[in-house]
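The end of the sequence shown is residue 731 by full-length UniProt numbering, with every number in the run present.
It is worth saying that the hints were derived from the structure and are not from the lab.
Heads up, a few of these hints could be off.
To be verified - DMTMM-like cross-link-like pairs, simulated, lysine to aspartate or glutamate; straight-line CA separation at most 25 Å:
| no. | residue 1 | residue 2 |
| --- | --- | --- |
| 1 | 83 | 139 |
| 2 | 265 | 693 |
| 3 | 265 | 644 |
| 4 | 293 | 707 |
| 5 | 433 | 668 |
| 6 | 355 | 368 |
| 7 | 325 | 396 |
| 8 | 355 | 297 |
| 9 | 325 | 312 |
| 10 | 474 | 368 |
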Amino acid sequence: MTAPPQIPPIAPSYLNPSTSSSSSFLQSFMAPFNHNPNGQPSQLRRASTSPTNENNVRDLLFITTTNPDGFKSRTNMTKIRKKAMGSFLENEKKQAGPSSMRGGKRARLQSEDSNASRSSAASTISDPEAPDREIMPNDEAIKIYRKDKRSPRQRFSDRNSNISSSNNSNNGDSPVSTGSQANQKVAIVSLRSNSKPQPWIEIVMVQPSRKGPLIYDETAPRPFESLAEPLGTPLDPFDTMFNPPSPYISIQHLKWHCSQAFGSKAMGQHWIPTLVDSPHAFLSTISIASAHKDALDMIQGDSMQTVALRLELMHLIEQQLIQGKIDDHNIIAVTQLIASEIISGDESVVQSHEKGLTTMVELRGGLENLGLTGRVASTLSWVCLESAVLREAQPDRQYWDFRLANTIHTYPTSAIIPESPLFRPRSDFYTIKRSRRSSQRTMKLLKDMRSMLDRFALRKEQNSQDSVLRSLHKAITTDYPPARDPQAQNNVLTYSDWTYEAIRLTCIIQAEAIINRIPHSAALASAGKIATKPRLTVPTKTSGSSESLVSPRMTRHDSPVTTFSATSSYATSPAFSQHSNSFTSASFPAQSRPSIASTTSTSSTSSNLNFPWYSISRPAPPPPPTTTLLENIKLAIESSNVSECWSDMAGVLLWIGLVVGAASRSSEDRPLKKWFQALAVRCSIFLCFEFPEPVHASLVRMAEIEEALGFLEQRIGNVAPMRVAPGKRKM
């Protein structure tokens, strides 16, 4: 007996697009024609619907054509679909036929081929290289055929788990009740839902510039490979961007830092194409990244890289001005140079650049004549407003008026906007309320701060005698405890706790400025005394005292005041840290904290009682309360994960940067001052391209508050006060 002729395989490109796996489709299609090793055709077995109907088999539909394109013709595709749907309907009718279905039970299909097909299908799904497949149940196919609403499809792996669980709980051919199947499904669903912890979900306010893992996250460089190929090279694979000749400048690293710190999808669409058109506009962006990197590194002054960039940038701008070019690229370059100087904190240089920029805008005919559909004017306005806010100076009125001429007064409650105490156009903080980072006490604190700002705007003249302002000030400064409970044991703070702590300390600074009617920089001293009373403490095991202050200056990121560790091995107090250079690990074991009494008793046993550890190093004086307060705010912000500028609470982080940046302008710790000003600039750049109006509104509101408090230059007699009746200001 001769074997049947071989059927040529079907090319996968001619398969139905709805087929999820071409290889599995070919295997199932060619299975009846495979031969055994003896050359005899294998007998085809099909599942029978009942023991008495073994000869009732399904017919196969054969389609032949002389052209491969004929398999995809409308006629053949219609035949295939009709045959497949008819098979589903016929199978459903036969299963509903037996009388056992009337009692709520169904006879299970038992055959060798049906079991083999299930096992082969399960093995196909379990293969990691095989694509994910789904099998549609009969009842769903009928609903689709009748044009009913389709229920959510169940994954094939879940169906196999239901089948395996029913096989384990029922023996042989015993029928399975509908109730037990439902219970098994509920159990499997609950087990799946509890198997993984819920992720940290935040509302995406600003779309990132790139989605998915980058090449740096997937590939580990080999030894010395990073030196040959600097970080950030794929951002400019053809080396077409301008590279200054200075050996101190690493354009590749600064491009990478700029994309990570400031990059967003809106920035890439509306701003970057213009920047790469001219060398000086491109270098001005890199100069912001360099100054921001210096601030994060806590450098006292400016790095050689930042200085070299600014010199090259000013040289290019000067060449353009000599040629009489006052185009958008030149204005963008000067604007971003000002943003870079804001981070560095040199106010005289910033004022000099602003005067030149104002002259350039006047020569162009005003802000309304600048290009990029108003984005150049918008960016220029908020940069100059932010510069004035951080310097506690009066801004130029044209930038103030630009915001009033470009305002949308209404936002729906479902809109995602950067809300803050400075910007709340709706009746409540709807975006912050939906944030996972927010909490009940955080919401209440922000509402109190907003109420105090609104009350202060209404009663600018006699705020110290206002009982409502006094009650709000008392609530903000005394009713909200620190994030860490001093009596708590092993209290590990979360991102939400650190967010609350940063907001609480910032509210104390602004509340002190409002109630005393003084600038934020002058209110920092009194706020430091109030904020350091409830100190951040951690319990110690060997000390006689039950509490010890943890200062951010000497705290590691794996200390108990962070979310990385709950141990107290790195917690130290100021009394012990003052002599940290004298006590070494050889003198005392780890996690031990010797007191003065124990040291004295140990030394008394020796013949020399000179206490040599006092002569080695003189104890350093404790930092002033203002520095301690700034360090505590910095610690809280760093521990709260600022990779996305707090995402749906980015407006609140911008408010913190503005308030603390203005308060720290007179601080003796210049790296701290630069750090907070860099935070304000980063949040503004992060938000301005998608939310230009909220950024402008926040800066204008902050400028109004500083104007009511009294600009610093007004207090030293340089400029006459504005909007304040004579004799009413309390100095």
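For each hint, the structure was consulted:
no., hint, result
1, 83 to 139, "17 Å, holds"
2, 265 to 693, "18 Å, holds"
3, 265 to 644, "13 Å, holds"
4, 293 to 707, "32 Å, violated"
5, 433 to 668, "37 Å, violated"
6, 355 to 368, "19 Å, holds"
7, 325 to 396, "24 Å, holds"
8, 355 to 297, "30 Å, violated"
9, 325 to 312, "18 Å, holds"
10, 474 to 368, "46 Å, violated"
Going through the hint list in order, the structure does not satisfy hints 4, 5, 8, 10.
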